[in-house]
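**Student:** These are the residues of each chain, in order.
Number of protein chains: 2
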Amino acid sequence: MSVLATPRRSSLVPRTGRDARLAARGGELNGQTAGVAPGYVQGNLAILPDRLAGDFLRFCQLNPKPCPLLAASAPGDHRLPTLAEDLDIRTDLPRYRVFRNGELIDEPTDIRAHWRDDLVAFVLGCSFSFEEALVEDGIELRHIALNLTVPMYRTSIATVPAGPFHGPMVVSMRPLKPADAIRAIQITTRFPAVHGAPVHIGKPELIGIADLMKPDYGDPLPLRPDEIPVFWACGVTPQSVVATAKPEFCITHYPGCMLVTDRRNTEFAIL
Amino acid sequence: MSVLATPRRSSLVPRTGRDARLAARGGELNGQTAGVAPGYVQGNLAILPDRLAGDFLRFCQLNPKPCPLLAASAPGDHRLPTLAEDLDIRTDLPRYRVFRNGELIDEPTDIRAHWRDDLVAFVLGCSFSFEEALVEDGIELRHIALNLTVPMYRTSIATVPAGPFHGPMVVSMRPLKPADAIRAIQITTRFPAVHGAPVHIGKPELIGIADLMKPDYGDPLPLRPDEIPVFWACGVTPQSVVATAKPEFCITHYPGCMLVTDRRNTEFAIL
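Protein sequence lines correspond, in order, to chains Y and S.
The first sequence begins at 948 in this note's numbering and counts up one residue at a time.
The second sequence begins at 948 in this note's numbering and counts up one residue at a time.
Looking at chain Y on its own, in the form it has when it is part of the complex:
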């Protein structure tokens, strides 16, 4: 019996954005979305009350590298038609995190019970898109090869504040050979909607990173002697900033459990 003929569809990795969302909606997909629906844009999620939405939108606009905004919903609207026709932001992610006054109160696989008429959903670009472009160009990404989470660091680079949202930029680090680092800068420059070019290379101490082996999030990743560290603005920045602002109410995706859209990564390349 071939894999294609098996009726146990839930055990297969969804191949398209729509398949991924339907699997999440049906409860069949409740884990990580890394490797799911290759080629389709995945996004970070932040849901905030309308009262804070203007400030957050402005924060994204002022900080496009850590906060590349792909879409924002109308208040109370659970749809995001520019990302997918049928999308329901309340059910289509594998898992969520719900916060009240900055405190984690729930980690559900569906947020219909938490939904309110004043909520605005923000979807932000994520590094999965540019990592796919790098891997397709033949650049080895160590954290993927070792099945680890990319190391992330809070830096001394301040974001531009907007209303209650402020704090340091978080960056992710990938060790690369110098020629690959140059190529990676060229490739990611083509993807401004998903963090774009690196924000720093070479010297961690210049951006307030004392020890590369002690990331603030993710796994440590040793540098080989022929590699330099390359740092990209990271989608954890808005999460960290929202956590600092301690809004009365807030929902995000569960780490690694992203929204999978119908847009293709290649659509977001400017060249």
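Calculated directly from the structure, the hints in this document are not laboratory data.
Remember, it's a predicted structure, so these values are computed and weren't measured experimentally.
Heads up, a few of these hints could be off.
Since the list gives no way to pick one copy over another, a pair counts as held whenever it fits inside one copy or between any two copies.
[Stated by the list, open to error] Listed below are the simulated EDC-like cross-link pairs for lysine to aspartate or glutamate, each with C-alpha atoms no more than 20 Å apart in a straight line: (1) Lys-1193 <-> Asp-997; (2) Lys-1161 <-> Glu-1174; (3) Lys-1150 <-> Asp-1173.
Given chain Y's structure and the hints, the job is docking chain S onto it.
**Tutor:** Relative to the frame of chain Y, chain S by itself:
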């Protein structure tokens, strides 16, 4: 009496490629062309006997980063109409170097006495063009600020050989802050006809440079603690390769005394 009204035109810096060539042809310009005719493409010159021209052309084609070929003349033809309508390669550079069997035999300001019917002139892109683009973007280049010659190094990066032409790539080094280095990679990527993106960043020892303060050509340039070294393929590579091949006869420009063309640097940007 204003500067504009003075009749001593020869004391003024030529403003266009044509002015620069006429000044060189008339003997009024016999020094460096740095700062001459801002905005106009300047080029490295190599003149070889027809017998070697095919191999050299192939060498350039195989090594486009150190040897970006802007134009090649027909054998015996002293014109290069794609670079300038009126150009005479025998008279339009401020100064030349003439070699016989690898030995320097003359440094004239005019090579009509040395001209032969079998000579082919090659003009190669030069870093002046991309440096102008960097400076216009607000990136400080230390060697320009200090009025020094950029430091250049023979590396362990081999060129792809063609006929008698082979040898290590020569690179130039500019110290840059990490964010400027990233921006410089983006800018020079747009100029493949004038060396293009850097070939290396960060770790000199990986390309066979033991001591940054001991360049093989040019002046040493100390790195500040907040800078990383950025290395571009250098137009000295073809000169070094030709010197190694010791052709029976060869003419080059005198260092710093480039051919100034009618083409504008901006014409060579791919974006």
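**Student:** So, for every hint listed, does it hold in this structure?
**Tutor:** Each hint tested on the structure:
1. Lys-1193 <-> Asp-997: The answer is within: 15 Å in one copy meets 20 Å, while 75 Å across copies does not.
2. Lys-1161 <-> Glu-1174: within (18 Å within a copy, 23 Å between copies)
3. Lys-1150 <-> Asp-1173: both (14 Å within a copy, 8 Å between copies)
Going through the hint list in order, the structure satisfies each hint without exception.
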